[in-house]
Structure formats: C-alpha cells, structure tokens
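Between the sequences and the hints, there should be enough to build the whole structure, so can you do that?
Respectively, the protein sequence lines represent chains A and B. With this note's numbering as the guide, the letters of the first sequence map in order to residues 3 to 243. With this note's numbering as the guide, the letters of the second sequence map in order to residues 3 to 243.
Derived from the structure by calculation, the hints contain no laboratory data. Treat the hints with care, as some may be off.
Identical copies look the same in the list; a pair holds intra-copy or inter-copy alike.
Claimed, not checked - Lysine-lysine pairs mimicking PhoX-like chemistry, simulated, CA-CA at most 25 angstroms apart:
#1 K240 to K195
#2 K226 to K191
#3 K124 to K195
#4 K58 to K37
Number of protein chains: 2
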Amino acid sequence: MERKPFQNIHIVLVEPQGAGNIGSAARAMKNTGFKNLALVNPVDYKNDEAYKMACKADDVLLGAKVFTSLENATKDASMVIGTTRRKGRIRYPVLTFYDVLPRIIETAQKNNVFILFGREDKGLSNKEIELCSDVVEIPADKSYPSLNLSHAVFLVCYELFKHTAEEKGQAIKLASMEEINMMYEHLEKTLRKLGYGEKGGMHLLDVIMKSFRRLFGRTGLMHKEVNMVRGICTQIEKRVG
Amino acid sequence: MERKPFQNIHIVLVEPQGAGNIGSAARAMKNTGFKNLALVNPVDYKNDEAYKMACKADDVLLGAKVFTSLENATKDASMVIGTTRRKGRIRYPVLTFYDVLPRIIETAQKNNVFILFGREDKGLSNKEIELCSDVVEIPADKSYPSLNLSHAVFLVCYELFKHTAEEKGQAIKLASMEEINMMYEHLEKTLRKLGYGEKGGMHLLDVIMKSFRRLFGRTGLMHKEVNMVRGICTQIEKRVG
Numbered sequence: 003m004e005r006k007p008f009q010n011i012h013i014v015l016v017e018p019q020g021a022g023n024i025g026s027a028a029r030a031m032k033n034t035g036f037k038n039l040a041l042v043n044p045v046d047y048k049n050d051e052a053y054k055m056a057c058k059a060d061d062v063l064l065g066a067k068v069f070t071s072l073e074n075a076t077k078d079a080s081m082v083i084g085t086t087r088r089k090g091r092i093r094y095p096v097l098t099f100y101d102v103l104p105r106i107i108e109t110a111q112k113n114n115v116f117i118l119f120g121r122e123d124k125g126l127s128n129k130e131i132e133l134c135s136d137v138v139e140i141p142a143d144k145s146y147p148s149l150n151l152s153h154a155v156f157l158v159c160y161e162l163f164k165h166t167a168e169e170k171g172q173a174i175k176l177a178s179m180e181e182i183n184m185m186y187e188h189l190e191k192t193l194r195k196l197g198y199g200e201k202g203g204m205h206l207l208d209v210i211m212k213s214f215r216r217l218f219g220r221t222g223l224m225h226k227e228v229n230m231v232r233g234i235c236t237q238i239e240k241r242v243g
Numbered sequence: 003m004e005r006k007p008f009q010n011i012h013i014v015l016v017e018p019q020g021a022g023n024i025g026s027a028a029r030a031m032k033n034t035g036f037k038n039l040a041l042v043n044p045v046d047y048k049n050d051e052a053y054k055m056a057c058k059a060d061d062v063l064l065g066a067k068v069f070t071s072l073e074n075a076t077k078d079a080s081m082v083i084g085t086t087r088r089k090g091r092i093r094y095p096v097l098t099f100y101d102v103l104p105r106i107i108e109t110a111q112k113n114n115v116f117i118l119f120g121r122e123d124k125g126l127s128n129k130e131i132e133l134c135s136d137v138v139e140i141p142a143d144k145s146y147p148s149l150n151l152s153h154a155v156f157l158v159c160y161e162l163f164k165h166t167a168e169e170k171g172q173a174i175k176l177a178s179m180e181e182i183n184m185m186y187e188h189l190e191k192t193l194r195k196l197g198y199g200e201k202g203g204m205h206l207l208d209v210i211m212k213s214f215r216r217l218f219g220r221t222g223l224m225h226k227e228v229n230m231v232r233g234i235c236t237q238i239e240k241r242v243g
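Shown next, in the form of structure tokens:
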C-alpha cells in the first residue's frame, strides 16, 4: 500500500556533529516508516558508532543523501519547516510543531516537505532560518527544553506516523483542511441555530468555536469523523425547526 | 506550581545494558519534567558515556535509585505498566500505550505509577511481565518496530508531558474517566433523542459511540471540553421536544 505522505517527507540534519546521533536518527526514521534522510556537511558517519545506533536501519543511514549546502538539499521542497528552540529573545515568529502538523500532512500528500534539524549545540543559523517557510519549536519542559537531536527527529516522525498510520491494514483517510474548515462552518451555523452560547452574545460562540478548533486540532480528524460531526449537525438542523 | 502526576510517575529501566542509553533516558525525562528514575541491575553508568548523553540532566542521572530486583523497585506502586514489543506469538493481551494513557494520568493524580522498560535486546522477561498490572506496546512501523530504549522512554514521557503540560502558566485540568464516561452517556442519550443513527437501528448508534470514544480518546479531554460537549447536549435536549 502506498503511504504517500511518507514518501514526500524529507528529514534534513544540518551539520550534525555526532555520528551516533545520525545513526540514531536513521533508526527513529525507520521505526516510523520514513526513508528520506538528507545530511548537510555531516561529521564522518560511516563508522561503528553510527552503525551501532542505526541498528537495523542501516539502509536508511547508507541511503542518506549528502549535500554541501542547505540550498541544494532543499531545492525540490514545496515546504521547508525549520525546528528551533525558542531563544530568550525571539528571533522569529515561532509556532509549535503541533501548529503546523496538519499542514505538513496535507502538503505532503502531493508535495515535498523538508523538515530541518540544526546542529546539536547551536541549532540552525539565521541564514538557514531564512530558507524556511515555517519555523517551529518542539514544546518541552522549561527546566531543560533542549532535546537530544535524535529524540527531536523521533518525535516529529512519530507524530507524523501516528497521524498517517495504517489501521487494520486500511490507511486512515485523514480529512483535508478544506473539509475540516467546512465542518467548522457547519458546526458554528448549527450551534447558532440551536441557540447554544447565546447568553454572552456572539462572543461566546467565538470562544466555543476556538475550543473546538483546539480540541479537534490536537487529535487530527479523519474523513469519517468529519462526516459524523456534520451528520449530527444536519440532524440537529432537521429537528430544530 | 505543583504538577502532581509528574511526581508520582516513575520510570524503571530493567537491566539496561548501555550507559549511553541510561544517560539519554535521563535527558528525555528532564526534557519532559520527570525526575524519578529507577534502575534494576544496570550496567555501570557513572561514566563519561552516560554523562555525555545526559547532558544537563546529570541531576536526574545521579538521582537514579538502583535496585537489585524489580519487586523492590516497584514495591510502592499502585499501577505497574510494562512496555513490550508484540511478539510473533502474543504472550499476553497487549494494549497500546495510548489505550492506557488516560488511566495512567488519572491514577498518577494520587498514586504511584511505575512504567517499565526492558533490556535493549530482550525486553522484559515473562516473570517481570507477571508483575505488571498492564502490558502495553508502543505502536511503530511494521518494517522495524523495535525502538531505541531512550526513544521509547522519551515518547512515553513526552505523551504524558503533553497531556499535563502547563498552558500559559495554568495547569490544564484534565477530565477524570468518571466525568468522561458520564459525558459519553449523556451524548448517547442525546443522539438517541435526536434520532441520529436510527436508520440501522441501535447497532449504528453503538458504532457512532465507539467512534466518539476513539476520537476523544486520542486527544485526552480537558474538564472544560467535557462541560462544553455536555452543554451542547443539554441545549439539544431542550430544543428537541
């Protein structure tokens, strides 16, 4: 079975300094169904340290494409996501990875998405960040928010894996953003008709719709779930004259 | 601010063989707000390999409690979750980690929960699995489902972190299972009254309720979200005579 998003998503490590981290990232990718690894000016990594960490993902490790510049590595990209750790002074409007996750999945249906991970110690440079269509951070505990490189790669791949995973041999059909937005419109119209959230006027309905967007946004809606919500809305409209 | 679930959750590595993995697990824990690390018969780990991987989580690494048996390590537990990889022949009824996640969070509000991770090569033994209240697997790609030990620890801690994370300085109040089950009852009653899913008789309503349980189960509901869903149900009941 084809799982298109996986084929179109590329993991790019920019100047990784640890061979073990590269091997470990390769394993994380294979564990989650990804294959496309690109390395920009990596440390020497075809050694025991990397093979040991890659374990049975040596095919992903050895299949990695090596580039001498980030521009070359990402030249086929429709979307470039840079991962970063929020600095004391924010350099850039930073979203979280979860904010862009639905958009990554949608874009990757038909287009190449490249997700960048910077150096272990210094992350991505300002110049590299300028090449990104979005810059995101991975939320973590304030006491120590800096993730190990392979952990960051694993989490990103795992979240993508979860949202596109096969279920009982059937690929889950995720709803498109367009479909989901139409569902929100339908839901809002129905709640208005139902008179829910009227006490505080329209403002309260706005709050409610924002809550629904957060709730459904966290989980990633499947096609059939969107249909279920809309079916219930239609039934409410029918019954509330 | 107290974040109780974190204080009551203990990560237990059973006979870990790699010092780097122990250090890396300590970092994963600190990144996600956890501190309680227990080690059962670990390899020698107070060395450069472990410190290098722990990075700034050396406090978690050095604070680890060492035990000579799993029984001793888990004697204060109310709930013991064993993580395992599904074998060719299933030894045990295996749930996924996501199936028990809400229960872990609920239990950890007031009780100690221990989550076990087995040896890098052989996982947990049958005898160790018998000590568990639940055995779960972490879903992964079929081509290579065996996760790196520290990746498994990181994912489990990260999912717990996400569901109990602070939001704008406010701890999110997660709904209890009791509250959630009452919401499902209310929702089912309302849908029945609404006549939704009637075409196929009661069977279709069952399918719909299962879909809702999966949809809301994936995301983990907050207290205010449960209230919102129930508020809408109440409004529907009012308007559909």
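Results for each hint:
1. In this assembly of identical chains, the alpha carbons of K240 and K195 lie at most 25 angstroms apart whether taken from the same copy (11 angstroms) or from different copies (13 angstroms).
2. In this assembly of identical chains, the alpha carbons of K226 and K191 lie at most 25 angstroms apart whether taken from the same copy (20 angstroms) or from different copies (22 angstroms).
3. Taking identical chains as interchangeable, the C-alpha atoms of K124 and K195 are never at most 25 angstroms apart, the minima being 53 angstroms within one chain and 59 angstroms between chains.
4. Taking the shortest Cα distances, K58 and K37 sit within 25 angstroms of each other inside one copy (13 angstroms), while across copies they are farther apart (31 angstroms).
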